[in-house]
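Line by line, the protein sequences give chains A and B. What the first sequence shows, in this note's numbering, is residues 62 to 178, in sequence order. What the second sequence shows, in this note's numbering, is residues 21 to 918, in sequence order.
For the record, the hints were derived by calculation from the structure and aren't laboratory data. Hints are supplied without guarantee of correctness; some may be wrong.
[Claimed, not checked] Part of the chain A face toward chain B, derived, beta carbon under 7 angstroms:
1) G94
2) K110
3) N112
4) V113
5) A114
6) P118
7) Y121
8) K125
9) R143
10) Y144
[Unchecked claim] Straight-line alpha carbon distances no greater than 25 angstroms define the calculated DMTMM-like cross-link-like pairs of lysine to aspartate or glutamate that follow:
11) A:K136 with B:D55
12) B:K768 with B:E286
13) A:K125 with B:E87
14) A:K136 with B:D54
15) B:K30 with A:E124
16) A:K125 with B:E69
17) A:K125 with B:D82
18) A:K125 with B:D113
19) A:K125 with B:D47
20) A:K110 with B:E69
21) B:K576 with B:E221
22) B:K784 with B:D184
[To be verified] Chain B regions said to be covered by chain A (calculated; three or more residues, Cβ under 8 angstroms):
23) 53 to 59
24) 81 to 89
Where is the CB? At the ideal position from N, CA and C, for every residue including glycine.
Here is how the chains run, residue by residue.
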Amino acid sequence: MAYKGSRILDRELKKGSAELLILSLVEDQPRHGYDIGSLIEQRSGGMLKFNVASLYPLLYRLEKRRWIQGRWVEKAGQRRRRYYRLTAEGKKVLAAQRNSWKEFVEAISHITGIKHA
Amino acid sequence: MPDWKDEIRKRLARLKLSPAREAEIVDELAQHLDDRYQQSLLGGATEKEAYQAARRELAASDVLARELSRVERSVLQDPVVPGAQRRKNMGEDVWQDLRYGLRMIIKNPAFTAIAVIALALGIGANSAIFSVVNTVLLQPLPYKDPDRLVMVWEDISAKGFPRDTPAAANYIDWRDQNQVFEGMAAMANESFNLTGAGDPERIDGRRVSASLFPLLGVEPYLGRAFSPEEDQPGGNKVVILSNGLWKRRFGADMNIVGKAFTFNGESVQVVGVMPPRFQFPSPEDELWVPIAFTNQQAASRGRHYLQVIARLKPGVSLPQARAEMDTIAARLKQQYPETNAYVGVAVVPLHEQLVGDVKPALLVLLGAVGFVLLVACANVANLLLARAAGRQKEIALRVALGASRWRLIRQFLTESVLLAALGGALGLLLAVVGLSVLKSFIPETISQAQAITIDTKVLLFTLGVSLLTGVIFGLAPAMQASNFNLNESLKEGGRDSSVGARGNRIRGLLVVTEVAVSLLLLIGAGLLINSFLRLRSVDPGFRAENLLTMKVVLPKLKYPEHAQRSAFYTEVTRRVEALPGVKSAAVTTNLPLYLQGNSITINFDGRPEPPPGQRPVVVTRVISPNYFTTMSMPLLAGRNINDQDKLELPAAVVISETMAKRFWPGEDPIGKRIVAGPLNSPPEEWMTVIGIVKDVRQFELVAEPKPQMYLSYQQASFFEPNDLVVKTSVDPVSLAATVRNAVWGVDKDQPVSNIRTMEEILSKSIARQRFTMLLLGIFAGVALLLAAVGIYGVMSYSLAQRTHEIGIRMALGAQRSHVLKLAVGQGLKLVLIGVAIGLAAAFGLTRVMKSLLFGVSATDPTTIFTISMLLVGVALLASYIPARRATKVDPLVALRYE
Chain A
62 MAYKGSRILD RELKKGSAEL LILSLVEDQP RHGYDIGSLI EQRSGGMLKF NVASLYPLLY
122 RLEKRRWIQG RWVEKAGQRR RRYYRLTAEG KKVLAAQRNS WKEFVEAISH ITGIKHA
Chain B
21 MPDWKDEIRK RLARLKLSPA REAEIVDELA QHLDDRYQQS LLGGATEKEA YQAARRELAA
81 SDVLARELSR VERSVLQDPV VPGAQRRKNM GEDVWQDLRY GLRMIIKNPA FTAIAVIALA
141 LGIGANSAIF SVVNTVLLQP LPYKDPDRLV MVWEDISAKG FPRDTPAAAN YIDWRDQNQV
201 FEGMAAMANE SFNLTGAGDP ERIDGRRVSA SLFPLLGVEP YLGRAFSPEE DQPGGNKVVI
261 LSNGLWKRRF GADMNIVGKA FTFNGESVQV VGVMPPRFQF PSPEDELWVP IAFTNQQAAS
321 RGRHYLQVIA RLKPGVSLPQ ARAEMDTIAA RLKQQYPETN AYVGVAVVPL HEQLVGDVKP
381 ALLVLLGAVG FVLLVACANV ANLLLARAAG RQKEIALRVA LGASRWRLIR QFLTESVLLA
441 ALGGALGLLL AVVGLSVLKS FIPETISQAQ AITIDTKVLL FTLGVSLLTG VIFGLAPAMQ
501 ASNFNLNESL KEGGRDSSVG ARGNRIRGLL VVTEVAVSLL LLIGAGLLIN SFLRLRSVDP
561 GFRAENLLTM KVVLPKLKYP EHAQRSAFYT EVTRRVEALP GVKSAAVTTN LPLYLQGNSI
621 TINFDGRPEP PPGQRPVVVT RVISPNYFTT MSMPLLAGRN INDQDKLELP AAVVISETMA
681 KRFWPGEDPI GKRIVAGPLN SPPEEWMTVI GIVKDVRQFE LVAEPKPQMY LSYQQASFFE
741 PNDLVVKTSV DPVSLAATVR NAVWGVDKDQ PVSNIRTMEE ILSKSIARQR FTMLLLGIFA
801 GVALLLAAVG IYGVMSYSLA QRTHEIGIRM ALGAQRSHVL KLAVGQGLKL VLIGVAIGLA
861 AAFGLTRVMK SLLFGVSATD PTTIFTISML LVGVALLASY IPARRATKVD PLVALRYE
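Please work from the sequences and hints to get the whole structure.
Structure, rendered in structure tokens:
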């Protein structure tokens with residue numbers, strides 16, 4: 062994060078990968094927005110962070126495209142939360158995006174010589 | 021914990037989201053920030069740090085709105101000021117109303133089903149009848165400029181024939197002397213025996229002027245029309261086939277033109293085939309040959325047998341044509357006083373000629389279905405009213421939130437139009453099904469009956485009726501709903517007495533309308549049913565049971581001599597009578613109840629000859645001896661015609677009861693002599709009355725019998741028998757083939773056609789009356805059912821509203837019977853008002869049915885009284901059931917009930 066160049070890369074990568082990240086996270090179980098945001102931050106070791114102003118517009122966009130679907134759920138003793146789950150259409154999109162992401166990463170690796178662990 | 025909501029709302033403000041959406045986003049985002057805040061605290065941050073961490077999530081003030089603006093659609097909307105604002109976004113409103121209406125429809129399946137079925141019955145009946153009216157009355161005839169085609173008849177009103185078939189010489193004079201017609205053509209009935217290639221067959225056709233087809237403006241489908249040369253004696257060995265005959269008998273042979281076939285024992289060349297569905301003048305006609313008058317025929321003014329059609333010249337009006345033809349007729353009267361003294365001319369537009377008979381019936385039916393729809397509307401309006409009353413809370417809320425009166429009306433109308441549209445769709449389905457059933461009941465005499473379909477016009481009609489219906493039955497509930505006391509309604513459990521009273525008034529009005537309209541329909545149907553029963557019970561003069569009939573027309577070419585023909589019939593009746601299952605058999609020139617037959621004018625022995633044109637006309641039938649036995653016509657006096665009445669003897673004649681009474685009142689006619697010619701006719705032409713037989717209805721059941729006489733086929737050579745009638749001891753239909761084979765046993769080329777039972781003929785002769793009665797009966801039944809349901813609904817509803825009151829009354833000691841009387845009395849009052857209005861309307865409206873009635877006056881008191889009682893009875897029952905239920909209420913429950 063020290064170089065300006067790495068910050069630009071960070072933003073672009075985030076933009077391009079954000080959809081893929083969200084779709085992946087709601088693939089197995091419905092999650093609410095805070096959960097999604099926290100998981101991205103945790104699993105990326107703090108590399109990727111979404112704030113409210115960027116995460117929710119993205120969620121709404123995915124919902125509008127009918128890739129995910131949000132639903133208010135009230136659990137005993139908790140405030141109601143909006144849970145997002147992957148739709149059938151979302152599943153297809155996720156599969157396709159995973160594929161092209163893999164191809165993209167492989168292509169980049171070839172060129173830059175980065176090896177997978 | 022800090023409240024984030026204001027902060028978030030501020031950032032969303034410029035997006036102008038719909039309030040609901042905004043609230044949702046605020047909720048979700050605030051939740052997120054709460055979570056973040058809690059998390060930070062758990063991580064050991066101070067409240068201030070936690071607050072700042074959460075605050076950072078919202079980023080710079082414009083980011084959230086910017087990002088969201090790409091996703092969220094803003095709604096143009098000013099803040100809602102209660103009771104004031106008019107919505108600017110009309111499209112959005114309509115869409116919202118539609119969605120809301122659909123939800124209401126889906127949410128109340130029972131209500132929707134009842135309303136839609138009632139509407140579908142009403143709309144379906146209208147669409148079905150309209151498609152009949154559309155095809156039969158409204159659609160132009162399939163000829164060139166059909167408006168200018170007219171039929172021209174001899175008007176012999178003086179003798180009871182306002183539209184008589186013209187004589188050839190008169191037709192020719194009309195044709196040659198007029199200046200008003202572009203062309204004129206004559207036609208005459210003819211039946212043809214087609215032999216060779218398959219079973220011999222009798223085919224109905226016409227002899228027509230060569231000018232007929234160009235006059236109608238119809239081109240043959242194959243070949244050509246007749247040339248003027250072919251319309252001359254000797255040049256007429258040509259024939260044009262109908263499309264149906266061509267397909268049925270000649271396998272749609274494309275090369276048929278030029279081929280020759282044997283018609284009536286003569287070889288005749290086919291010159292053309294007409295297009296499908298061409299039927300002129302009658303649907304039964306299957307072929308046409310040139311009329312080719314011989315000089316003798318062309319000179320005759322005494323034989324009236326033609327039908328004449330003409331085309332008005334452009335610019336000539338009907339009155340002009342009539343005036344000109346009157347002038348010509350007057351001239352002919354002076355020129356030929358012997359024959360034309362009473363002959364005028366009647367010019368009738370072709371369309372009127374073809375539909376004239378059915379028009380009143382169809383219009384009555386169209387009116388009837390209109391009334392059925394009205395009842396259905398009243399019913400659905402009632403349902404909606406009751407429901408609107410149940411929805412007052414909802415309406416109150418809407419008004420409180422700023423919905424305008426107009427906006428509410430619109431919403432209610434949207435719902436009712438949606439219902440009507442559903443009803444219309446189902447109604448159309450009903451119409452399609454109903455029409456296919458209807459078609460089998462439509463009497464064949466209605467022209468174009470088989471062409472009746474649901475076309476664009478019918479679809480538009482249905483759409484229009486549905487929309488109109490929706491507006492009509494939706495208006496009352498909408499007005500009521502939009503007009504009420506907000507405060508009262510919003511109060512929990514508030515009894516809105518003012519609306520209740522007004523609502524009850526409207527509901528009462530609707531019940532009165534339903535009862536009045538149903539009564540009108542029921543009286544109409546009752547009159548028709550009564551007429552029909554009377555028609556059915558008319559004694560035709562013969563017994564139709566176990567009678568088999570068929571046409572056996574002898575070709576003149578093969579049987580030129582009277583003796584040959586007599587021998588044929590003698591042999592045929594002898595063979596048929598020998599068949600097992602046959603009781604007796606006879607031949608006649610015309611069976612009863614066929615709208616045709618011969619009449620002759622007569623003179624009486626010993627009475628002065630009346631002036632020309634005033635000699636009595638007598639329906640004449642030529643029969644074989646067993647005719648009266650076969651038809652079960654009792655002989656009242658004298659003797660029957662028998663085999664001894666041979667050609668060489670003076671002719672014997674059996675006369676009908678009416679003829680005896682008319683011409684020999686108070687005298688015994690037996691032994692009296694009559695003659696078909698002038699008084700100075702030679703002695704061998706005189707006939708002696710030998711017997712009197714009971715009257716038969718010769719032409720129609722509705723027509724009183726005319727004077728009639730019967731002659732032996734052996735003695736009378738001027739008319740040829742062509743109907744064979746067989747009395748059987750078994751089911752007559754089962755003998756059809758056997759009897760036909762017996763005829764073929766005498767002559768294997770002899771066509772036998774129109775095999776029917778006499779009962780079929782009898783029932784067909786009243787097909788039109790049955791059709792009208794059946795339909796009006798069904799419609800009246802539907803109206804009665806709807807009215808009963810309507811009364812039941814209104815009574816149930818209003819009594820349910822009065823549960824509290826009834827409970828108090830009963831708690832205070834009112835007898836159950838007293839409460840019952842009170843409740844039923846309320847229903848009865850409405851019904852009686854409805855009956856009074858319906859009766860008044862019936863006296864005015866049933867007059868239009870006069871021409872459809874038989875033996876019953878349009879204001880027949882028995883029918884009207886019976887029907888009124890029926891309706892009152894049904895209405896009483898419909899209000900008794902809910903009333904009884906109301907009295908069963910436990911006062912305790914009723915008093916607790918709020």
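Structure-based check of each hint:
{"no.": "1", "hint": "G94", "in the structure": "holds, 5 angstroms"}
{"no.": "2", "hint": "K110", "in the structure": "violated, 10 angstroms"}
{"no.": "3", "hint": "N112", "in the structure": "holds, 4 angstroms"}
{"no.": "4", "hint": "V113", "in the structure": "holds, 4 angstroms"}
{"no.": "5", "hint": "A114", "in the structure": "holds, 4 angstroms"}
{"no.": "6", "hint": "P118", "in the structure": "holds, 4 angstroms"}
{"no.": "7", "hint": "Y121", "in the structure": "holds, 4 angstroms"}
{"no.": "8", "hint": "K125", "in the structure": "holds, 6 angstroms"}
{"no.": "9", "hint": "R143", "in the structure": "holds, 5 angstroms"}
{"no.": "10", "hint": "Y144", "in the structure": "violated, 11 angstroms"}
{"no.": "11", "hint": "A:K136 with B:D55", "in the structure": "holds, 16 angstroms"}
{"no.": "12", "hint": "B:K768 with B:E286", "in the structure": "holds, 17 angstroms"}
{"no.": "13", "hint": "A:K125 with B:E87", "in the structure": "holds, 14 angstroms"}
{"no.": "14", "hint": "A:K136 with B:D54", "in the structure": "holds, 17 angstroms"}
{"no.": "15", "hint": "B:K30 with A:E124", "in the structure": "holds, 24 angstroms"}
{"no.": "16", "hint": "A:K125 with B:E69", "in the structure": "violated, 35 angstroms"}
{"no.": "17", "hint": "A:K125 with B:D82", "in the structure": "holds, 22 angstroms"}
{"no.": "18", "hint": "A:K125 with B:D113", "in the structure": "holds, 23 angstroms"}
{"no.": "19", "hint": "A:K125 with B:D47", "in the structure": "holds, 19 angstroms"}
{"no.": "20", "hint": "A:K110 with B:E69", "in the structure": "holds, 18 angstroms"}
{"no.": "21", "hint": "B:K576 with B:E221", "in the structure": "holds, 15 angstroms"}
{"no.": "22", "hint": "B:K784 with B:D184", "in the structure": "holds, 24 angstroms"}
{"no.": "23", "hint": "53 to 59", "in the structure": "holds (count 5)"}
{"no.": "24", "hint": "81 to 89", "in the structure": "holds (count 4)"}
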